[in-house]
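There are 2 protein chains.
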Amino acid sequence: MLDPRLSVIDERLSRVKRIMAISSGKGGVGKSLIAAVSALILARRGFKAGLLDLDFTNPSSSVILGARSLYPVEDRGMVPPKISGVEYISITFFAGDEPSPLRGEDVTNAFVEILALVRWSPLDYLILDTPPGLGDLLLDLLRLIKRLSFLVVTTPSRLSLETVRKLILLLRSVKAPIIGVIENMLMDSSQSLGEEIKKLDAAFLGSIPLDPGVEKALGDPEKLLETKFAEKLSEILNAIQ
Amino acid sequence: MLDPRLSVIDERLSRVKRIMAISSGKGGVGKSLIAAVSALILARRGFKAGLLDLDFTNPSSSVILGARSLYPVEDRGMVPPKISGVEYISITFFAGDEPSPLRGEDVTNAFVEILALVRWSPLDYLILDTPPGLGDLLLDLLRLIKRLSFLVVTTPSRLSLETVRKLILLLRSVKAPIIGVIENMLMDSSQSLGEEIKKLDAAFLGSIPLDPGVEKALGDPEKLLETKFAEKLSEILNAIQ
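As you go down the protein sequences, you meet chains V and Y in turn.
So for the first sequence, my numbering puts the first residue at 4; every next one is plus one.
So for the second sequence, my numbering puts the first residue at 4; every next one is plus one.
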């Protein structure tokens, strides 16, 4: 595809030091929560952090951050609003609360459009919340965004691990850098699939216990940062920062 | 799209009495488990039941049913193999364990191909396991399969409920029949979003508690049927059968 917007994307992202995609293959493993809270933690540590929610199927970051009334400002592109220090862009800014049953090509186009339009500050970290599946958007991410590395999320269920195994195969086959794998929503340490995860072709970064306190903290970044979930995620980020 | 395979699909499904799509919008809410175990329960009750796993992003039914070595037989189309009395077809029969990063149109084509090829017996129930999201495949389902009704799955999290709300809006907008909503993976009855679910434009069918026993029963249909999860799902199926 020859698209003049592609060179614009490079330019838009040129001042971002590190771009991390939080991916899982399977939905419902806490990917969006890990993406949003990672951005909050990094901002709290003094880094310039951005969050880009590209999960067209379930743009849940606005619910997680309580960012429903935020909108970007137009100024030679779109300037992301900030929430708790994080520069933040989500598809919900454009689609609102209506269902967005986009077909494959529409998703690709919307994706290119957003990447070409948004004017990020010089960021230390841009965190991408990616859609579940091994489909269109993942291929687009790999094609459109250079210097993209992947943080992979699974749960301690064989159903999730099967998908993560495929995701890692796919990423390895296109030589995409994989930071490692996080096991999320661990209910009981005896249930951990850590040993299985270690057999995958990626680093095992640690387990985050299931934290029932997260549900009540949804929509409130300060409360989210105080959860046990954030505490454990913070330790994992220390190791990969 | 003028596609000769579309009339073949009608013919292939003409002897199926009821076609139910298990949908969630969001992944990881237990949709695949509800689809597979519903088919097992109906077969156990003496109904002729089929399961079609159309979740190209995460075809987990083969792991749930322990159906890895099953394959369809070719005979004027594809004849589905049976597992525990359930006629069963999954994309994994075709893609195997490799990642299948299909793009939008490829998914639509594979979907039409499978529907046009498979020769189901005269079934009382065909259960469809659908991919997460409000995207391509949902639109295709609505276009390709007549007499399709939807069983919607959520978890007691606001993140899931937001998506289910959009899914119901979308289904209502195209006049698709909605059987109702199941709340799955309830950890604590005080956490239930039942009251919120009742405000949606669909019947609330009940809650299924989170059952840690399911993980160990994965891959074994007999054990799955003995879980508390199956017991509660069975009650819900009584009400809508």
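For the record, the hints were derived by calculation from the structure and aren't laboratory data.
Heads up, some of the hints might be wrong.
Identical copies carry no separate label here, and so any pair may be met within one copy or between two of them.
[As the list claims (entries may be wrong)] No more than 27 Å apart at the CA atoms, straight line, and that leaves these computed lysine-lysine pairs for DSS-like:
#  : residue 1 : residue 2
1  : K20       : K235
2  : K51       : K20
3  : K219      : K201
4  : K202      : K85
5  : K149      : K235
6  : K178      : K219
7  : K178      : K235
8  : K202      : K219
9  : K20       : K85
10 : K226      : K149
11 : K202      : K51
12 : K219      : K20
13 : K202      : K20
14 : K85       : K178
15 : K201      : K85
16 : K51       : K201
Going through the hints against the structure:
no. : hint        : in the structure
1   : K20 x K235  : within (24 Å within a copy, 50 Å between copies)
2   : K51 x K20   : within (10 Å within a copy, 58 Å between copies)
3   : K219 x K201 : between (33 Å within a copy, 21 Å between copies)
4   : K202 x K85  : neither (40 Å within a copy, 33 Å between copies)
5   : K149 x K235 : neither (29 Å within a copy, 48 Å between copies)
6   : K178 x K219 : neither (39 Å within a copy, 35 Å between copies)
7   : K178 x K235 : neither (29 Å within a copy, 45 Å between copies)
8   : K202 x K219 : between (35 Å within a copy, 20 Å between copies)
9   : K20 x K85   : within (19 Å within a copy, 53 Å between copies)
10  : K226 x K149 : neither (34 Å within a copy, 47 Å between copies)
11  : K202 x K51  : neither (34 Å within a copy, 41 Å between copies)
12  : K219 x K20  : neither (33 Å within a copy, 43 Å between copies)
13  : K202 x K20  : neither (30 Å within a copy, 45 Å between copies)
14  : K85 x K178  : neither (33 Å within a copy, 39 Å between copies)
15  : K201 x K85  : neither (37 Å within a copy, 35 Å between copies)
16  : K51 x K201  : neither (32 Å within a copy, 42 Å between copies)
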